[in-house]
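Respectively, the protein sequence lines represent chains Z and S.
Mind the numbering: the first sequence is residues 52 to 395 in our numbering, read in order.
Mind the numbering: the second sequence is residues 32 to 383 in our numbering, read in order.
Hints are computed from structural coordinates only; laboratory data are not their basis.
Virtual Cβ for every residue (Gly too), placed ideally from N, Cα, C.
You may find that some hints are simply not true.
[Stated by the list, open to error] Cross-link-like lysine-lysine pairs, in silico, DSS-like; alpha carbons within 30 Å at most:
#1 S:Lys212 with S:Lys171
#2 S:Lys159 with S:Lys171
#3 Z:Lys259 with S:Lys310
#4 S:Lys130 with S:Lys171
#5 Z:Lys150 with S:Lys310
#6 S:Lys212 with S:Lys78
#7 S:Lys159 with S:Lys212
#8 Z:Lys84 with S:Lys310
#9 S:Lys243 with S:Lys310
[As the list claims (entries may be wrong)] Below, a sample of chain S positions facing chain Z; criterion: calculated Cβ distance under 10 Å:
#10 Ala297
#11 Val298
#12 Asn301
[Claimed, not checked] Calculated Cβ distances over 10 Å to all of chain S for the following chain Z residues:
#13 Asp67
#14 Val137
#15 Ser162
#16 Asp175
#17 Ser214
#18 Ala318
#19 Leu337
#20 Thr367
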Amino acid sequence: MARPLLDVQDIRIHYDTTRGSYKVVDGVNVKIKRNEIFGLAGESGCGKSTLVEGILRLIEPPGRIKSGSVRFYPLGDDEALGVDLVQLGEEELRQMRWKHLSYIPQGSMNSLNPIMRVEDQMIDVITTHADLSRQAARERANELLRTVGLSARAARAYPHELSGGMKQRAIIAMAMVLNPALVVADEPTTALDVNVQRAILEMIADIKQQTGATVIFVSHDMAVHAELVDRLAIMYAGEVVEVSDVYTIFENAQHPYSRRLIASIPALGGSRTRLESIPGMAPSPLQWPSGCRFHPRCPHAMSVCQQIAPPLIELTPGHQVACHLYYDVHELQLSPTQESEHAI
Amino acid sequence: MTTSQTLSQPLLAVQDMRMVFEATGGMFSRHNVVAVDGISFQMHAEKPTLLTIVGESGSGKTTLARSLLGLRRPSSGSIRFRGQDLYAMSRAELHDYRKAVQPVFQDPYATYNPFYRIDRVLTMLVDKFNLADSKLAGQKLIEEALHAVDLRPHDVLGRYPHQLSGGERQRVMLARTYLMKPRLIIADEPISMIDAALRALFLNILLDFRDKQDISCIFITHNLATAYYLGGEIMVMCRGRVIERGDMDAVVNTPGHPYTQLLLEAVPSNNPRRRWTEKRAGLSIDTSELKFSPNACVFVSRCPHVMDICHQHRPALMRTPDGQEAACFLHGNQVFQDQTTITLEEKPTVKN
Numbered sequence: 052m053a054r055p056l057l058d059v060q061d062i063r064i065h066y067d068t069t070r071g072s073y074k075v076v077d078g079v080n081v082k083i084k085r086n087e088i089f090g091l092a093g094e095s096g097c098g099k100s101t102l103v104e105g106i107l108r109l110i111e112p113p114g115r116i117k118s119g120s121v122r123f124y125p126l127g128d129d130e131a132l133g134v135d136l137v138q139l140g141e142e143e144l145r146q147m148r149w150k151h152l153s154y155i156p157q158g159s160m161n162s163l164n165p166i167m168r169v170e171d172q173m174i175d176v177i178t179t180h181a182d183l184s185r186q187a188a189r190e191r192a193n194e195l196l197r198t199v200g201l202s203a204r205a206a207r208a209y210p211h212e213l214s215g216g217m218k219q220r221a222i223i224a225m226a227m228v229l230n231p232a233l234v235v236a237d238e239p240t241t242a243l244d245v246n247v248q249r250a251i252l253e254m255i256a257d258i259k260q261q262t263g264a265t266v267i268f269v270s271h272d273m274a275v276h277a278e279l280v281d282r283l284a285i286m287y288a289g290e291v292v293e294v295s296d297v298y299t300i301f302e303n304a305q306h307p308y309s310r311r312l313i314a315s316i317p318a319l320g321g322s323r324t325r326l327e328s329i330p331g332m333a334p335s336p337l338q339w340p341s342g343c344r345f346h347p348r349c350p351h352a353m354s355v356c357q358q359i360a361p362p363l364i365e366l367t368p369g370h371q372v373a374c375h376l377y378y379d380v381h382e383l384q385l386s387p388t389q390e391s392e393h394a395i
Numbered sequence: 032m033t034t035s036q037t038l039s040q041p042l043l044a045v046q047d048m049r050m051v052f053e054a055t056g057g058m059f060s061r062h063n064v065v066a067v068d069g070i071s072f073q074m075h076a077e078k079p080t081l082l083t084i085v086g087e088s089g090s091g092k093t094t095l096a097r098s099l100l101g102l103r104r105p106s107s108g109s110i111r112f113r114g115q116d117l118y119a120m121s122r123a124e125l126h127d128y129r130k131a132v133q134p135v136f137q138d139p140y141a142t143y144n145p146f147y148r149i150d151r152v153l154t155m156l157v158d159k160f161n162l163a164d165s166k167l168a169g170q171k172l173i174e175e176a177l178h179a180v181d182l183r184p185h186d187v188l189g190r191y192p193h194q195l196s197g198g199e200r201q202r203v204m205l206a207r208t209y210l211m212k213p214r215l216i217i218a219d220e221p222i223s224m225i226d227a228a229l230r231a232l233f234l235n236i237l238l239d240f241r242d243k244q245d246i247s248c249i250f251i252t253h254n255l256a257t258a259y260y261l262g263g264e265i266m267v268m269c270r271g272r273v274i275e276r277g278d279m280d281a282v283v284n285t286p287g288h289p290y291t292q293l294l295l296e297a298v299p300s301n302n303p304r305r306r307w308t309e310k311r312a313g314l315s316i317d318t319s320e321l322k323f324s325p326n327a328c329v330f331v332s333r334c335p336h337v338m339d340i341c342h343q344h345r346p347a348l349m350r351t352p353d354g355q356e357a358a359c360f361l362h363g364n365q366v367f368q369d370q371t372t373i374t375l376e377e378k379p380t381v382k383n
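Okay, chain Z solo, but in the shape it has when bound (with noise of 0.2 Å):
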């Protein structure tokens, strides 16, 4: 099969501070296929921002990358095109960056740069990462505001003349100037309105569609998720629960985590049923639970679940669950080398 564009394994990422060692992300293996859209759910806490952080070394001390790699293959499928973005350094790094990956972080609306205009802040970042002339780039820059429904106008405008909506396209846009082959973007319509969310949402749908670019879409809510991504990994506690493509997880989740997090999302017409609410605090990072990380709140805990942390195990084809309710743990360590055939 095809290798993925990007392969996380066993990735730790720690904050150590006086309190003890925050461990935000704790032990997550993906496999991010390309031109897919990859979503990460979960409340927060949970660790699904430190993830792409950590995928994009954006982690500032005390946080630090424990251990695991993340391979990335944005040439080609050739395993001697690949790179380790946990070993580069920041040159590599720097030259990586826009060109091959880009971020659309949480509130990206307020990283523009507030005195310069926004076709500026564009072709600077062409012309520092490309070859391309001053004009060149400008037509660039214009013709991505374009795509995504802003006018000249806004394009010499200054960020505080512009809406949220607006702000939000201009990052975007910005994000594509060098056609990278990843967008990690995290929670890019929160704080919109709904008209402007389907906007984006729509925008997002036609980058992977137009450009073949791959992204990962990190959002806490289900309801976005079910209306864009291909596949989804549901992360609780440092961890990913449950993973599958998007039309399992809604209708046939098997983490009780995952189907509590879809049984809580309030639906527009129909009858009304009272919601459930996941009862119980969500835990610290400072000291998860033993076991499985959700007994404390699962109702269908059984002992075993306070004691084994249930590993991520492959169901049905690209289905993968981490709950002892569908295993015999037993059985399991006696081939501890089982490994998923299928990518994830």
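Based on the hints, put chain S in the right spot on chain Z.
Structure of chain S alone, referenced to chain Z:
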């Protein structure tokens, strides 16, 4: 005013409220901004109601909420609480009003003083409004209030705001309102900054407050799915005006205004097999770039059903076949002019 008169008055009556902000310049705003443009509505006092106000940003919903809370006097029009003008109340009356009408704000991170423990927002209330005779009784009240919002007192008391999650902070705000036993809660986007899984809990508490404590609520949101879950009544705002209002089910199932339709279609479906199928080209226009005329429908530049009359007159709220009211000439030929409704001779016709 006698008690019987007070009872016959609506709980809240807003009449022709307008709020105009003077222009300060800037690329897209060289005119005065009319944030709220002639809004009238009533909430009756007999039984508790949930009124949801929806609209996109810039529709004036927060400005309206701030005026209702007594934080900003409207440029014109009146807001009456049980018949009394909110902006003509004496200090003592205002004190009672603040007891009867409680706010919940959008940002659970900005509403707390980080230097004080969570307990303070609750104990201060007990002291200031003399809710309990003794310290012990006060403590019992606080614990009861925390239980009512599904928090365990020992989980939150004695902690500082930064030690609580957004959802917990918003629930402490609800516990605070519960202590006051208000008649009305005004909640401005209270769940937009909390986790999806905790939103359900927050909404369920509001429903319980209505059903068990007789507390009415004005719930402001841009999320129609949440609004629908709450039920009750809905008011849709666009550019400072109410363009549709009525029973939640009627408005959601058979929207009478094309703008409401647009909002409904932008709600994600929850079902990956029923995704949006067509692109919405019109959305490339940002509302901040549009011009608005006081003598036209606010939605002319984006409306798929636009007619000549829509450019010339401002539609009044008209009854639709499904029972709600919509400000759209598709439902009749009544015009809103100088704060009154007049009926036009001409019949609206669809433009080719």
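Do the hints match the structure? See the list:
Between Lys212 of chain S and Lys171 of chain S the CA atoms are separated by roughly 15 Å; this keeps the pair inside 30 Å, and the hint holds. A threshold of 30 Å between alpha carbons decides the hint, and for Lys159 of chain S with Lys171 of chain S the separation of about 17 Å falls inside it, so the pair holds. Among the hinted pairs, Lys259 of chain Z with Lys310 of chain S is consistent with the structure: their alpha-carbon atoms are about 15 Å apart, no more than 30 Å. Pair hint Lys130 of chain S plus Lys171 of chain S holds up; C-alpha atoms about 20 Å apart against a cutoff of 30 Å.
A hinted pair counts as satisfied when its Cα atoms are at most 30 Å apart, and Lys150 of chain Z with Lys310 of chain S qualifies at roughly 29 Å. At most 30 Å may separate the alpha-carbon atoms for a hinted pair to count; Lys212 of chain S and Lys78 of chain S meet this at roughly 15 Å. Taking the CA atoms of Lys159 of chain S and Lys212 of chain S, the gap is about 14 Å. The hint holds against a cut of 30 Å. In summary, the hint linking Lys84 of chain Z to Lys310 of chain S is supported, as the alpha carbons are separated by about 26 Å, within the 30 Å threshold.
Proposed proximity of Lys243 of chain S and Lys310 of chain S is contradicted: the alpha carbons are some 45 Å apart, above 30 Å. The criterion of a C-beta within 10 Å of any C-beta in chain Z is met by Ala297 of chain S, whose closest approach is roughly 4 Å, and the hint holds. Interface restraint check for Val298 of chain S: the shortest CB-CB distance to chain Z comes to about 5 Å, inside 10 Å, so the restraint holds. Contact between Asn301 of chain S and chain Z, as hinted, is supported at the beta carbon level, the nearest pair being about 5 Å apart and thus within 10 Å.
With a minimum CB-CB distance of about 20 Å to chain S, Asp67 of chain Z clears the 10 Å threshold, and the non-interface call stands. Even its closest Cβ contact with chain S, about 30 Å, leaves Val137 of chain Z beyond 10 Å, as expected for a residue assigned away from the interface. Against the 10 Å criterion, Ser162 of chain Z stays outside the reach of chain S, whose nearest CB is about 19 Å from its own CB. No Cβ of chain S approaches the Cβ of Asp175 of chain Z within 10 Å, the least distance being about 22 Å, so the stated non-interface status holds.
A beta-carbon of chain S is positioned within 10 Å of the beta-carbon of Ser214 of chain Z; the least distance is around 5 Å. For Ala318 of chain Z, the shortest C-beta to C-beta distance to chain S comes to about 6 Å, within the 10 Å cut-off, and the non-interface label is violated. Here Leu337 of chain Z stays apart from chain S, with its beta-carbon at least about 12 Å from theirs, past the 10 Å limit. Against chain S, the non-interface label of Thr367 of chain Z holds: every CB pair exceeds 10 Å, the least being about 17 Å.
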